[in-house]
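Trainee: Here is how the chains run, residue by residue.
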Amino acid sequence: MAVSKKQSDSFSFDSGASRVEKSSVSEVKALEPLLELLLDLQMSPGQTSTSTQSENLSRSNSSEKPKKATSDKSLESSQNTDTESKVLDFLFEAVNPSVADSSEETLETSAQNHKSEHFDHSPENDVSFQKNHKSTENDQPKKEPHKQDEILLNSEDVDLTSLHTLLEVPTDAVDVSYSVTPVKSHQAETEVDLTIEESSPAESQSDPEELEEVLEAFESLRVESTASNSDDSLEQLQDLIFGSTRSDFEQLKQQIFESDLPEVRQLLETISSQLKSLEYQIYEPEQLIQLIRPWIADILNHKVNDSKEDIIQALKPIIDQVILARTKDNREQMSAAIADLIPEAIKHQIRNSPQEIAQAIGPEIGSAIREQIRLDQDEIVDALAPTMGKVIKEQVILERDSMVDALYPVIGSTITRYLGEAIQEINDKVSNAFSIEGINRKIRAKLQGISEAELIWQEVMKCTVQAVFLIHKGSGLIISEVQQSGEARLESEMLAGMLTAIRSFVNDCIVQAEQVQELNEIEYGDSRIVIEVAGYCYLAVIVQGEIKNKFLKKIRTMLIKITQKYGREIETFEGDPETVPPEILAELEKLMEVETKQHQEKSPKTLLFLTGIILGSVLIPLAIVQYRSGVIHRVETEVMTALDSEPELAIYRLTVDAQGNTVMLNGKLPNQRLREKAETIVQQIVPNWTVDNDIIAVKVPPDPVLVEAEVQRMTETLNQMNGISISTQYEPDQVTIEGKVIQPSDRENVTQAFENIEGVNSVVSSIQVEPVPIATRVYFNLSSDEFRSEDMIIKIYPVSQYLKQYPNLKVRIVGYSHPEEKTKKNSKLAWKRSQAVQIALESYGIDRRRMTAIGKNERPPGVEENQPDWLSRAVIFEIILPEDQGK
Amino acid sequence: MALISKKICLIGDFGVGKTSLIRRFVDRQFSDQYLSTVGVKISRKQVDLVASETGSQQSIQLLIWDLEGHTKFKGITPSYLQGASGAVVVGDVTRQETLDNISEHINLFLSINPKAWVVVAFNKIDLLDPENLEGLIHQSSNNKTNQILSTYQTSAKTGAYVDEMFHLLSHQFIPKI
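If you read the sequences in order, they're chains E and U. Letter by letter, the first sequence follows residues 0 to 886 in numbering that gives the first Met the number 0. Letter by letter, the second sequence follows residues 0 to 176 in numbering that gives the first Met the number 0.
I should point out that these hints are in silico values taken from the structure, not numbers from a laboratory. Incorrect hints may have been included.
Said to hold, decoys possible - With a straight-line cut-off of 30 angstroms between C-alpha atoms, the simulated DSBU-like cross-links for lysine-lysine are: (1) LYS560/E with LYS549/E; (2) LYS392/E with LYS114/U; (3) LYS114/U with LYS564/E; (4) LYS549/E with LYS392/E; (5) LYS327/E with LYS315/E; (6) LYS445/E with LYS553/E.
Start from the sequences, fold in the hints, and give me the full structure.
Mentor: Structure below.
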């Protein structure tokens, strides 16, 4: 109601101006409604002043907003009377103690108060009633103080003045209503700013001149009312101000005063009571609050529109405390209030400065997730599951080692377990024998492709651990180490560095890109370095002897344990041995002991027994085989020797193989005869065995040179035999033999021999069987037929032997004598001599029939006359061939 | 206190004098395993230090990995650099390009070991005239990173600053209480 915009200032101004003009016309008219108003006010007790105010206000409103539809209270000055009733109604409403009203009142009051201050300089009202239609601004201020004085002086005056000011107030009130700034008035308790100061100068002129008229009317009233009580000063003032017109003024005053005094008085009373109540309302906080309350929102609104900054400055010190206070009061509501905004707010913040949000929430995301898990585990799972695979893949690419470290303990045992179970199944199915372990071993042997004996060998063979190192993967520094005491200590740091360098080198140069493979083992001599790799560290175990799989498993298990428990310390190892948990060392030492313990474990009887059995089963057949092979060997040797001793076969290479009970002969011989000969010989040696004669009789095509050589050989061989003296000539295929043999059979033999030579097809033999003459002569003494006794042995005996050698030879023993011995008595001397020899020969066992003894009285052949006599006294031997008839 | 072991790498271009520096430093107290085929030579040297803060004795065992020099055809194997606590980056003052490559080596090393420490060595200063040293000082100031402890002008031949360099690096490894 009291809201009016400044924009209408102009209107008001104009209208005010217009009103001024009109007011001059309707001076009296202006007074009329005023009077009626007063009457009305009288009628409605306690509300008069306000109604007046309201009227004025409405008037001002109307004046200011002639075009406003809402302000149907607009009054045309020219139509004052018409709208009087409306005004009055309006005033009635206004007067009702509504919120608006009270505020209006307060506004007006404050305006009034302020106005009072303004009177000094505001050029608005105080148009000289009488003549100043166009009262200049200069005049007005004069009147103002005048009124001001009047107000101060007289209570009634005060009342009137206050009424006056009240009347004036509307204009200001109007101003006030639409600009909200803190009130500076000391009297006013509201914080409503009075832009009266500002607006009033502008407004003042635009104030409805009607009001001025009214005021003037009042003034005149007052003047009149106070005429009776007039002070000198007042009169003086009046004189001063009104001057010549005073008389008229006085008249008017008189008129009014006389006519309406009682009512006026009553009116005044009511007005004063009203005023009191107003004052009460204003000065009493409670009341004031009530008054102002309706308008607060509007005030604020106006103010914000007007000057945001000021409000902000005013409120900002306490806003946070306000919110806090409210939160303490009622959390729920506060949360609800803010709740809506939060997502938007976050979104904004993310857009503006994403990092901040992350940093803000970051620290607590862990616990947030934990909370969610606590509430509903599946949610998290469902949320993350789709991307888990990719996440792991990415992580493997980014930081493989930590992934390895994470999975290593699990994977190892998973696979081991699975495999173990599979193998166990196989085991169970297969095992049906006296010992599981035996079967195990068999299977292991089969699986490894080595003989069981080798496995046993492994088990029995000692395996020692020389050193164990736990090495940091990246830097190659040693985390922990154990070495065999007593032996020369290895240079552990250097070894670790070297291994690390080699591992890196292999990976960089040899392995395909994108793959990472690990060095598993370095073998040298009968030692080996076993390397087992985890995520951030690796284990290097130097072992001598055969490694058992069980041991490898132990290494792996231990490494898993270490990485699981001390993974963090290992990963962050910086070379300071004091950061290494001592348990690691203990674990490594266990590994050193493992071997010896295991070795001792293998003592139990079962295993010994089994070992024994298997050894036995291995060795006994061996022995048997050995024996048999020994026998065979012996046989073979014998056969070979026999064959070698046979001259004809010696030159030929024959192989003898004995197996089982069979002797196999292999080789090549020139002819069947030899072949059979060989067989015969062998058979003789091993009568109980069968001879498998695989000798091939090879008909070697005769090589002439060879044949000739053979012939030669044969010739020589035969010549060496007693009684054979031959020479041969070889022409291709034909051998011509010449020579002498003693015995006829020899001649056959010789011929035969040559015929037997391979390559000799014909033999022409002109061998003479000619016994070798016995050159021995036995000599006798003169005229004696006795030979010396030693001749018996020296000469006769060999002859006898010779004859024995050739049994088919006959011999003619011819005796001779010297011619000097020729006498009748000695005529048979020669014959006697031969007889003697013959008898001698007989005594040696020669058959008589082979001998013929004759005597010849002549000198022996070959002996001449001139030769010594004793040569003639001889007996000679002559061989007679069997077929020969003798000589 | 127990003997702390640290791995440090010697990196730099081919022929700048890394091996000579090590020989000068390690002297006779090492177990020198030469593994040129695999690209690295590992030496060991124990350094006895007195911690300046506490005054206590501390021995550090340095495992020095002498990496084969970087040439046009062969780069350093990065996996050898892993796990190192420090590095000595060497350049040859008589060859400018080796000095230019120093920052590259430093970057490679620090990318693999972000928390490690670096010492720069301008080697072979015995071959250089004194007036040229000034230019070097300027150059060294270009290479400033927090983790470069210092830049030394060394000569493996005369032994200048070799021990100091390694000692400085070792001091970084003493656990600070």
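Trainee: Under the constraints set out in the numbered hints, which ones does this structure not fulfil?
Mentor: Those not satisfied come down to hint 4.
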